[in-house]
Amino acid sequence: VERIAAQCEDVERVTENREYRLVNATYEGRDLTVCSTGIGCPSATIAVEELAAVGVETFVRVGTIGALQSDIEIGDMIVATAAAKNEGTTKRYEDVEYPAVADYETLSALVDGAEAAGERTAGTAATGADGEAASYGVHVGPVATDDAFYAETDEYVDDWEAAGLLAVEMEAAALFTLARRKGLRAGAICTVDGNLVEGTQKGETDDEELPEKAKNNVERAIDIALDAATRL
1 VERIAAQCED VERVTENREY RLVNATYEGR DLTVCSTGIG CPSATIAVEE
51 LAAVGVETFV RVGTIGALQS DIEIGDMIVA TAAAKNEGTT KRYEDVEYPA
101 VADYETLSAL VDGAEAAGER TAGTAATGAD GEAASYGVHV GPVATDDAFY
151 AETDEYVDDW EAAGLLAVEM EAAALFTLAR RKGLRAGAIC TVDGNLVEGT
201 QKGETDDEEL PEKAKNNVER AIDIALDAAT RL
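Residue numbering for the sequence shown follows this note's numbering, starting at 1 and increasing by one per position.
These are calculated hints, taken from the structure and not from any lab test. Check each hint, because a few of them may be wrong.
[Claimed, not checked] Pair ranges (Cβ atoms, derived):
id	residue 1	residue 2	range
1	Ser108	Lys182	16 to 22 Å
2	Val96	Ile39	28 to 34 Å
3	Glu19	Glu57	21 to 27 Å
4	Asp158	Glu49	31 to 37 Å
5	Glu28	Ala148	36 to 42 Å
Owing to the predicted nature of the structure, the values given are computational and were not obtained by experimental measurement. Each residue gets a CB set at the ideal place from its N, CA and C atoms; glycine is no exception.
Let the hints inform the model, and build the full structure from the sequences given.
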C-alpha cells in the first residue's frame, strides 16, 4: 500500500485494521483507493465486498506469484486472464463450475500498460524507452488460485504445468468471481517471485521476502497497474 501511495498525490490514510490498510489518493487526475487484502481468498473477498458496497467499480490485484512453466523467470510478470479455482471461498458464492475470468477491459488495460512500459510480452523481446532490451517479460494467460501455500505437492504442480497454467497465487479466483457476480471489473498483474517447476520457489534459495530479481519488478508492476487505472 505504501509503495503505491508513494507514487500518488492527495494521499489520505483512511484506516488500518488487522490485514487491511486503506488509503485514498489520486494518480494523474484519477481517484484511487489502495487496499491491502491479507493472504488468501477469504480476506480478499471481505475487502471486495466492503469496497463494492461503498462504490468501487474496478479492482486490480498487484502482488507476487509462483511460476508453473519452466520458461518463466523470477522477476517476470503475469497478467492473469482467468484463475483455476483450487480454493473453497468461491464455492460459497457460485457453483464450482462457474469460471473465474478477468474483466476484458481491465485485462486489456494491464496488457497495454505493460507494452507501454517497454516489456516483452509472451517471451518476445522488446526495447525500453532507453533503447535497451527489457530485462524481464510479461506473460498473459490463466493462473491457479490455491488455498494451501505449503500443500502444493509435486503432483499438483505437475498437473498445473501440464494444463498450461502460468503460475499459482492465492486471491485471483475470488476477486474475479466476486467482481463478475456483482457486475464489476477486475484484473490482476503479479510479479514472479519463484518457479515451482524449477525448484526456486520463495524460501528455497534464501530467507529474503522477495528475491533480488523480483524486488525492482514489483515496482514495475505497480507502475503498470497505475497506468492501467488511467486507461479505465
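| Violations among the numbered hints, reported as their numbers in ascending order | The structure breaks only hint 2.
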